[in-house]
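Just so you know, the protein sequences line up as chains F and H, in that order.
Numbering-wise (our numbering), the first sequence opens with residue 15 and increments by one.
Numbering-wise (our numbering), the second sequence opens with residue 1094 and increments by one.
To be clear, the hints were calculated from the coordinates, so they are not data collected in a lab.
Check before you lean on any hint, since a few could be wrong.
Claimed, not checked - No farther apart than 16 angstroms at their CA atoms in a straight line, the calculated lysine to aspartate or glutamate pairs in the EDC-like style are these:
id: 1; chain 1: F; residue 1: Lys-140; chain 2: H; residue 2: Glu-1232
id: 2; chain 1: H; residue 1: Lys-1404; chain 2: H; residue 2: Glu-1385
id: 3; chain 1: H; residue 1: Lys-1404; chain 2: H; residue 2: Glu-1387
id: 4; chain 1: F; residue 1: Lys-140; chain 2: H; residue 2: Glu-1225
id: 5; chain 1: F; residue 1: Lys-115; chain 2: H; residue 2: Glu-1142
id: 6; chain 1: F; residue 1: Lys-154; chain 2: F; residue 2: Asp-72
id: 7; chain 1: F; residue 1: Lys-115; chain 2: H; residue 2: Glu-1138
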Amino acid sequence: MGLLSRLIKWARIKSPWILHLNTGGCNACDIEVLATLMPRFDVERFGIILMGSPRHADVLVCTGPITKQMKPRFRKLYEQVPDPKFVMAVGNCACTGGVFKGCYGIEGGIDTAIPVDIYVPGCPPKPEAIIDGVAKLLAKLQNL
Amino acid sequence: MSRNIIPIGPQHPALHEPEHFQIIVEGETVVDVKPRIGYVHRGIEKALENRTYIQGAFLVERVCGICSNAHQCTFMMAAEEAGGIEVSEKAQFIRTIVAELERIHSHLLWLGAAGLEIGFETLFMYVWRDREVVMDLLEAISGNRVNYAMNILGGVRRDISPELADKIRKGLDYLEERTNYYKKLCLEESTIHKRTEDIGVLDPVTGVKLGAVGPTIRASGVKFDVRKNDPHLKYDEADFELITWDTCDTFGRVVVRVLETIESIKIIRWCLDHMPKKGDIMPEKLIRRVPEGEAYSRFEAQRGELVYYLKSNGTDKPYRVKIRTPTMANILSLAEILKGCYIADVPIALASIDPCFSCEDRVTFVDIEKGKTWTWTREELRKYSREFNEREKRW
Ligand code: SF4
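Pulled out of the complex, with its shape left as it was, chain F reads as follows (with noise of 0.2 angstroms):
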């Protein structure tokens, strides 16, 4: 591996960006996001930290079930986020449409429209399971 490209992928493993994005969820997941980077947790120390644009974005944290009108607008966002790049899906409704299933406003899991790296469950998922996800995130990057 050539010295460049190593260096990349170090910095690629010491701070990781994430867009945080709400595609049709109930909140909880999002606060439970929002808490993993405060100062209890502090998934900060790991180099991460919550982006405005996708455009800045290697990791794209979502939560909530993909909804029929978020569907279109979702893949053009992730169709902004520079290669490569990394889907972290936070929830069951994520996961697999969870709770909503059967609704007529939903499509399924975020799966349904892009595809997905790491699955965390839960409804909330603890942020201790969120930092689980972000370790187990971090260990993909090493192999890449």
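Chain H with the ligand: place on chain F using the hints.
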């Protein structure tokens, strides 16, 4: 002056759900707002018709994760009233305690988020750290941090033991001390004053006309709180004050929420002291069917009045459920609140009603006259907001 349209949303990275606003501006000043809602439409009301009351209880909780107990409790209250189901005294007390703990968690969450909007990140971090105390208490009571699933038909699922009550009291002592500190901070700190005073003004007459509810209308000096006007649960006996503030602006909304947190702590203490030691918390046999009937139940959720209409037909599934959430009631006033604001103040004014959506992720500016379009992220908007305020010496 030329009129420009700023579409905000529907993606938003930090909090809440996707939503879209068209903000029409003249120069720096907002002249009109057109909300476009429905990105999170999932079809919950229809889905409730196909689920039993027990399944439905878990679904309504997920209308909004932050007010989850309010939703579930109102749904159960509606079903109980429609079917004439009795709820034991102790269960009522436990419901009140959970409802108030939830209010504390939500108000603190909002206070932190508001701190972030005005560029006061220390406040954000402090408040969210203290909020973990409430989360721990809720977890100790219900077993989950956010969606508590405490209510069942005719009662609650878990009891509060004397040891747990002591733990709650201890947690409340800490929270009271911290909230008093935030109260002092909000009333005296000039960052908060300068960024929130006279911003997002909603006069009481317009507010009432447009049907605003909750802290939004109470900050305009209107005494409207379901807990006082049409008491449910144990609020008719509990000793607390109805908080109002008469500045009608965003500052008022900050203060009302902080003061309400202190009142909530009082209510929980009162409930713990007066809760019957013995007694059932749920009916002996799980109730599955609700006799035929109709009910309309009101609940003071954190963001305002929450309304459920329920019609039952004697089976184990409701015939029709209609939900009116507080943000829905406040969205009309939001247009009034934003009118006359500077663009830089839009994030905090928007946040001031504590919307259950709000999304300023991607802001596209369209200059109609020049036909030019450019895009700002929420971060850029926030940055612009800070720079603008520094330039204008408004800190
Ligand atoms: S997984 Fe559960 S808590 Fe998370 S957004 Fe979906 S319904 Fe809400």
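Do the alpha carbons of F:Lys-140 and H:Glu-1232 lie within 16 angstroms of each other, as the hint requires?
Distance of about 11 angstroms is within 16 angstroms: holds.
Can you confirm whether the C-alpha distance between F:Lys-140 and H:Glu-1225 stays at or below 16 angstroms?
12 angstroms, holds
Just to be careful, I want the Cα atoms of F:Lys-115 and H:Glu-1138 compared with a cutoff of 16 angstroms; is the pair within it?
With Cα atoms ~13 angstroms apart, F:Lys-115 and H:Glu-1138 stay inside 16 angstroms; holds.
Measure nothing beyond the straight line between the CA atoms of H:Lys-1404 and H:Glu-1385; if it is 16 angstroms or shorter, mark the hint as holding.
Judged against 16 angstroms, a Cα distance of about 8 angstroms means the pair holds.
F:Lys-154 paired with F:Asp-72 [C-alpha distance capped at 16 angstroms]:
13 angstroms, holds
Need the status of pair F:Lys-115, H:Glu-1142: alpha-carbon distance at most 16 angstroms?
14 angstroms, holds
Hint check: H:Lys-1404 vs H:Glu-1387, CA-CA at most 16 angstroms. Holds or violated?
Given pair H:Lys-1404, H:Glu-1387 holds - Cα atoms ~4 angstroms apart, limit 16 angstroms.
In summary, the structure agrees with every hint in the numbered list given earlier.
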